[in-house]
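The whole structure should be built from the sequences, with the hints applied where relevant.
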Amino acid sequence: MRYLKPVLNRRVLVAAVASTFAWAAGVTSAVAATPKDTLVLAFAFDDIITMDPAEVFEISGSEVVNNTYDRLVRLDLSDTSRLVNDIAKSWTISADGKTFSFEIKPGLKFASGNPLTAEDVAFSFQRAVILDKGPAFILGQFGFTKDNVKDKIKATGPLTLTLDVDKAYAPSFVLNCLSADVASVVDKKLLLSNEVAGDLGYAWLKTHYAGSGPLKLREWRANEVVALERNDNYYGTKAPLARVLYRHVKESSTQRLLLEKGDVDIARNLSPQDLAALAGNKDIISSSAPKGTVYYISLNQKNPNLAKPEVREALKWLLDYSAIGDTLIKNIGIIDQNFLPKGLLGASTAMPYKLDVDKAKALLVKAGLPNGFKVTIDMRTIQPVQGITESFQQTAKRAGIDVEIIPGDGKQVLTKYRARTHDMYIGQWGADYWDPHSNATFVQNSDNSDEAKAKPLAWRNAWVVPELDKMADAAVLERDTARRKKMYEDMQAEFRKTSPFIMLFQQVEVADARSNVVGFKLGPTFGSNYMFTVSKK
Amino acid sequence: MNTTPVTSKPRLHDWLMSDRPASRRQAAWGRAYGAWRVFMRNRLAMLGLGIVLALILVAIFAPLLAPYSPTVGDLRTTRLLPPSGPFWLGTDDQGRDILSRLIHGSRITLFVVVLVAVLAAPIGLLVGTVAGYAGGLVDAALMRITDIFLAFPRLILALAFVAALGPGIENAVIAIAITAWPPYARMARAETLTIRQTDYIAAVRLIGASPWRIVLHHIMPLCLSSLIVRVTLDMAGIILTAAGLGFLGLGAQPPTPEWGAMIANGRLYVLDQWWVAAAPGAAIFLVSLAFNLVGDGLRDALDPKGVK
Amino acid sequence: MPAAAGQTKARRLRALRNAGRFLVIIVLTYLGLLAVTFFIGRVMPIDPVLVVLGDHASGDAVARVREEMGLNKPLWQQFYIYLGKVLQGDFGTSVLSSNPVMQDIRRAFPATLELATLGIIIGVGLGVPLGVWAAVRQGRWVDQIVRVMGLVGYSVPIFWLGLMGLVLFYAKLGWVGGPGRVDVTYEYTLANVSGLLLLDAAMANQWDAFANVLSHLILPASLLGYFSLAYISRMTRSFMLHELSQEYVVAARAKGLSEARIIWRHALRNAMVPLVTVITLSYAGLLEGSVLTETVFAWPGLGLYITNSLQNADMNAVLGGTIVVGSVFIGLNLLSDVLYKALDPRTRIR
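Residue numbers (the working numbering), protein chains in the order written: chain F, 1 to 537; chain W, 1001 to 1308; chain S, 2001 to 2350.
Don't take each hint at face value.
Taking lysine-lysine and the DSS-like style, the derived pairs with C-alpha atoms no more than 27 Å apart in a straight line are [as the list claims (entries may be wrong)]:
(1) F:Lys537 <-> F:Lys36
(2) S:Lys2172 <-> F:Lys36
(3) F:Lys537 <-> S:Lys2073
(4) S:Lys2073 <-> F:Lys282
(5) F:Lys89 <-> F:Lys238
(6) F:Lys416 <-> S:Lys2073
These aren't lab readings, by the way, just hints derived from the structure by calculation.
Quick look at the structure:
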């Protein structure tokens, strides 16, 4: 090795010195704790595309908007069937049920310092309808259009506001919609001063903030960081922590390592395996809340085999619900065989189906398919969806049904689904607002043609069921809460028997926090995960 | 010179090793035999070859060797079991035996790896040597095309192909091959640029050989050895690329026990149920090592100026 | 003297012609890249409107936005419009972040650049000497160890190595910083000027931030370095073996030159010629951004950016990313060609 000695030694020496330097630096500077006045969360928020409440529809964006903006009314977290006033002091409904009058709390201010008046509230709603972005239909369904919204929603005084809806809807329905993100109150003065070519501040608000909530948005760096700060102009209890920082971490294992080490206070996207592994850790507390999202497998009625009612029922007997519930979705889902998730008015807990291969085979014989048939299913390649699909493939095989899995990426599969070119599809539906009518999409299909503009879930599977469709229309106008509840229960009973939807489970959101985090609670909707009540010991 | 008397049945070995081959074919066979002897003396290369042959045998006799079905598992009772008596390599998240899946997956893996190598390497070699030798406009044009393929973020090409062709392992093979050939072309061109100026090539040209003959018969063989090293190293990369496609939901459709897909699946369980990703990972490593050893042995055997 | 003047003029003309041809080549390459990416993007079965409005929006809104995004125009017209904007420096706005695409890339690319550069330095710094060592000790156990070590880095899935590295060096030993580019405490104090955090910290004389950034960089960079080390060491070994079998080595030994001199100053220098291509190819590969590494280490780099954009049919972002990656390749290829000609006079085309 004589000839290697001088050169190798020199290089090795340099490398060793350099690396020791780096390591020493690392050891001394690695601060394995989060700042005392900042709440740091590990959260995968690559779905955020905007910070404008009139445009936000994705779940991460919804959480940020809910923490930084106010609304007229909010969900009561202790009893989600009730609403509490947010910036509304009181409200009344006219006798014919078509006019809602609100009185706003006095003395409120935006984070910018501008006073919050009824004009700002009216402007916020008008703006949402005029801009007509993704969630605009939540307000639009009350008969508001670009042309009439300025008359139908107006400020009648500095602190009073009226809304004229087109039909006598159930009051709970209207108010629930007014608690949605799209009904957030934005700062009219600030927006108009940042307006470009009459866009009502749209381009500016995508990446900026114009609200009055307990936290304000400091910065959003896509796929990196969302930084929130305490809003000292907030009318209610000020947030205990000065800052809330969301770190974008996509990988569950990485989130777990960060949490164990204390580099984040809360980890939000842990997989069942990581949750189970952290269960024994004394420094970590787990909290969970069921969400308004249901997962299902749907059968395209355009496929002649899947259109047969016996086949529809047979497939519902070919899933090992209990095994899936105990393994693949443990802690992150509850088996639910209805289209209304728990917590919504009228939700049902009836679960008639379980794995029964013989029953399925008998039904297939009745359908004239004793040897089974071939069919494809479009699936996103994420868990737990993939695991459930693979399990379904196995159990269906036992009855002779050959399921071919077509994997794809999220948007790709969704595009195919919306074009009705699938056989079977496994996916989810999240409630847009906390009212059962949001899930009526499972049965509503007024126009089944291929050119139809609206694409409710029933349409996507070419399922026409006029009785349930009419029932849904009637239920949204039913002002008696008990009667309304019964209508939804009846709908679901019929739905369970005949629909081409195999309802699977309701999503449960889980988050693990370090034991020094106090006051952290997940809400029933993705928006109602409030960070402004959290403090650290 | 061989002075032993010629017996009625000349030994094959003597015929092959003769200094004075009677025909071109005999010379070619003799060269191949000589290379094989060099290869045989390389113990590690033989080990690699042994592993590759074992892989081929496992692939052929997969249904006989696998103890369980590769696609059937029980969620409730056999899910995520660690390696033990009944399940030598443990079970995966659907309760399927990993060893059986590994055995059945060897077929697909071999298929993918060989096909991609067979598709990509010759294309790259051809494009690179032609570009390097021809120079001028041909070189510029071919290199531009190569650059465009190289410059593409691999993902876009892969996604596009699968979008156009649909899911399935065959389409994944094509998608991978399309992204694999440009580096070979670049390397072959670089070597050709050096080789073309040598006296050896000048001499062949003087004899009157056509450019095609020069490229095919003289330049390509010289580029072959480094290309072989690169391709054998790439075998592991190809399988992992297939795994990468699997992460995006392209390529092998579940429940196909393709090794890359198994690794992609095992990613979620790496920290606690390490065996789910470890088994296919170790298999890939072993196969990659085998091909690499064989490649090195080939390189040593084929290089006329080998150090040994 | 008229003859000499004529010669200089001829040489200048030739240089001009070469430069012109060179520019044409570059432009054609970019055009080809863009055209193919654009076509692929429009052909992909993802509805861009779905990303903008979400799944629940009304049919009217969908139709309106489709019209606004110009998606109803014929393909070539859309391409033409895009090209026109690009020539004015407008690469469009990203659907996902609502920012101009180049602004996003100006943030994402330096993250990848920093990581890839440190990675390739480690890869070359370790890989070349190891390859030389293995070539000199061909067949001995050193050779085998280098081979196996390299193969492990190359054939083991990088996310596995990454997670294991994090578990060992970050979670258990605490030697390195965790996932992410820098600790949360520096979020408000370290100004992001160039995007290369090491550089920014050094320029601002914030040496504690510098050390912190380095501690976060060292693990993923070592990973990438280890990954490219396999290749580089194997190819170095291969090229060195070829060089060491040449006659000039025999002649040099006969002349009495020391082995070290022969190996490092002569054989390696000749082996560098094809090795330069390998190294630039590896570097370019790293610069493309490794999605899996960036996912595991929560590194907001180009790989994640392009993948995310692609999965959401955010075509402006994808095209922007393609342009950047393409430019990187073209630049590195040029560099490798130039280095080639500099290192090996035989390759200069008459």
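Status of the hints after comparison with the structure:
Note on Lys537 (chain F) and Lys36 (chain F): the hinted pairing holds, with a Cα-Cα distance of about 9 Å set against a maximum of 27 Å. Under the criterion of a C-alpha separation no larger than 27 Å, the hint pairing Lys2172 (chain S) with Lys36 (chain F) is consistent with the structure, at around 24 Å. Only pairs whose Cα atoms come within 27 Å are accepted, and Lys537 (chain F) paired with Lys2073 (chain S) is rejected, the gap being roughly 59 Å. For the hint linking Lys2073 (chain S) to Lys282 (chain F), the alpha-carbon distance of about 60 Å lies beyond 27 Å, and the restraint is violated.
Taken as a hint, the Lys89 (chain F) and Lys238 (chain F) pair is honoured in the structure, with Cα atoms around 19 Å apart against an allowance of 27 Å. Taken as a hint, the Lys416 (chain F) and Lys2073 (chain S) pair is honoured in the structure, with Cα atoms around 22 Å apart against an allowance of 27 Å.
This entry does not satisfy hints 3, 4, going by the numbered hints stated previously.
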